[in-house]
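Undergrad: Chains as they are written, first to last, in numbering that gives the first Met the number 0: chain C, 0 to 81; chain S, 0 to 411.
By construction, these hints were calculated from the structure, which means they are not laboratory data.
For every residue, glycine included, the Cβ atom is placed at its ideal position computed from N, Cα and C.
Check before you lean on any hint, since a few could be wrong.
[To be verified] Distance condition first, Cα-Cα at most 25 Å in a straight line; then the derived SDA-like pairs of lysine to any residue: (1) Lys4/S - Pro130/S; (2) Lys67/C - Ser97/S; (3) Lys57/C - Pro130/S.
[What the hints assert, rightly or not] Sample of chain C residues at the chain S side, in silico, Cβ under 8 Å: (4) Leu14; (5) Glu18; (6) Thr19; (7) Gly20; (8) Leu36; (9) Ile38; (10) Thr45.
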Amino acid sequence: MALSTEEILAGLAELITDETGIAADAVQLDKSFTDDLDIDSISMMTIVVNAEDKFGVKIPDDEVKNLKTVGDAVSYIEKAQA
Amino acid sequence: MPAKKIVVTGIGAISPLGTSAAESWTALLSGASGARPLEQEWAAGYELPVAFAAQSPVRPAELLERVESRRLDPSSQFALIAGREAWADAGSPEVDPSRLAVDWATGIGGVWTLLDAWDTLRERGPRRVMPMTVPMLMPNAPAAAIGMELGARAGLRSVVSACASSTESIINAYEHLQQGLADVIVTGGSEAAIHPLPLAAFASMQALSKRNEDPARASRPYDVDRDGFVLGEGAAALVLETEEHAKARGARIYAEVLGGSVTSDSYHITAPDPEGSAAARAMLSTLTNAGLSPADVVHVNAHATSTPVGDEAEYQAMRRVFGEALEGVIVSATKASTGHLLGGAGAIEAVFAVKTLQERTVPPTINLENQDPAIPLQVATQPTALPEGDAVVLSNSFGFGGHNAVVAFRSA
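My request is simple: use the sequences and hints to build the entire structure.
TA: Shown next as structure tokens:
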């Protein structure tokens, strides 16, 4: 069964916290990975690879640059798992 | 004669004997051994011919924030722990970042990271190989971890010379301070190579003791029954500083660094030159460059790993340097307690040499039950008082590749 937006956000927040130490409640849909959360490219790739594993989806490298905000990533995962 | 006085103002360590320099030193004086059986899950999966090692009492990741430890190989985790302790011990000096440097060594580097990534690649494919793999496995990663922590901008330098690495780093730190490249340098070394592959490889070359039934008595330098070294792990750090800088900030001074010397055997890739002439020259030129003579030396923290060949070759080298005066030199082989920290060995032994001077106590060499008659050194088997007066001590390190590195310290 596909996960809801909230469930994906919570799962993604967990991965981000694990990688960066950023508090899970700071991970919100409108936050930019680079400007708001200060996540560097290496951490971003780690989070992407872990997200692929966690949600059973593929996120091609070319797509990663389009994932500017947490919301972008959540909707990508939402569509990809459908 | 050197232009500047260079001093030690801080020390730190995490070793098989404890999670700090003080804990490690106290355990060393008590005659403890850090060697114990490998009870980890990963060890059970292999029929390793050597099933023990001298292990840190605590995994280094447990002493760091989770986010920090995820991005650091254990060799860098150990480095950061020891580096932080030494820095705090030095009073967290305020230094212009452009006058602060790091000279840090490892013998092997991020072997856990490399081999875990290889397993991941084979089992799960290239996509699962983590992007932090390269910056975690590179041998300069421990230097970079300390440098980033302290904001050091006068250079982070890593020398690689196997088991001589961290003594060579301390010598380099001394020389960089003499050259005026920095006012303060954090120096030392770390290693985290207790992994089935290095264990299998060292065992395969017959370098390790196979005393599986009695790990605590396996590392026995100078004993007739020595049969190889015991693999250890951990890190040790020293803060070196010009005396001028240290005095200006009112720092506590542990000891003076008299510099050191590096020579090479170019004899065999692993075996020491049995004549020990290049090793002897490293000791002699260390003393000569400092304006001293062999008669000034009261104590040597020997390399002495507990291999049949190595311990005797070092003795031959010492006899060349000291001649009859060798009888007046009290020798310690602290690898009997710590095991062999490879790229961290010279650093932990330098920390012990500094403590020896500070507390005027030579640490014991455990497990010496029947001293090899071919090595008639004066070995301290109990904590032993240093003779009165100005004291000069040497710390020797030798490494595969024929590297010889010797550093000298004098009481403050």
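Undergrad: Indicate, hint by hint, whether the structure satisfies it.
TA: Against the structure, the hints:
Between Lys4/S and Pro130/S the alpha-carbon distance is near 44 Å, which puts this suggested pair outside the 25 Å criterion. Annotation: proposed proximity of Lys67/C to Ser97/S is violated, straight-line Cα distance about 36 Å (limit 25 Å). Straight-line distance between C-alpha atoms of Lys57/C and Pro130/S comes to about 17 Å, which keeps the hinted pair within the 25 Å bound. The beta carbon of Leu14/C is not positioned within 8 Å of any beta carbon in chain S (closest approach about 12 Å), and the interface hint is therefore violated.
Using the Cβ-Cβ criterion of 8 Å, the hint placing Glu18/C at the interface with chain S is satisfied: the shortest such distance is roughly 7 Å. Because the beta carbon of Thr19/C sits about 6 Å from the nearest beta carbon in chain S, less than 8 Å, this interface hint is met. The restraint placing Gly20/C at the interface with chain S holds, with a minimum CB-CB distance near 4 Å, inside the 8 Å limit. This hint is violated: Leu36/C has a C-beta 13 Å from the nearest C-beta of chain S, more than the 8 Å allowed.
Below 8 Å, beta-carbon pairs count as interface contacts, and Ile38/C has none with chain S, the closest being about 12 Å; its hint is therefore violated. For the restraint placing Thr45/C at the interface with chain S, the shortest Cβ-Cβ distance is roughly 6 Å, inside the 8 Å limit, so the hint holds.
Checked against the numbered hints above, the structure breaks hints 1, 2, 4, 8, 9 and satisfies the rest.
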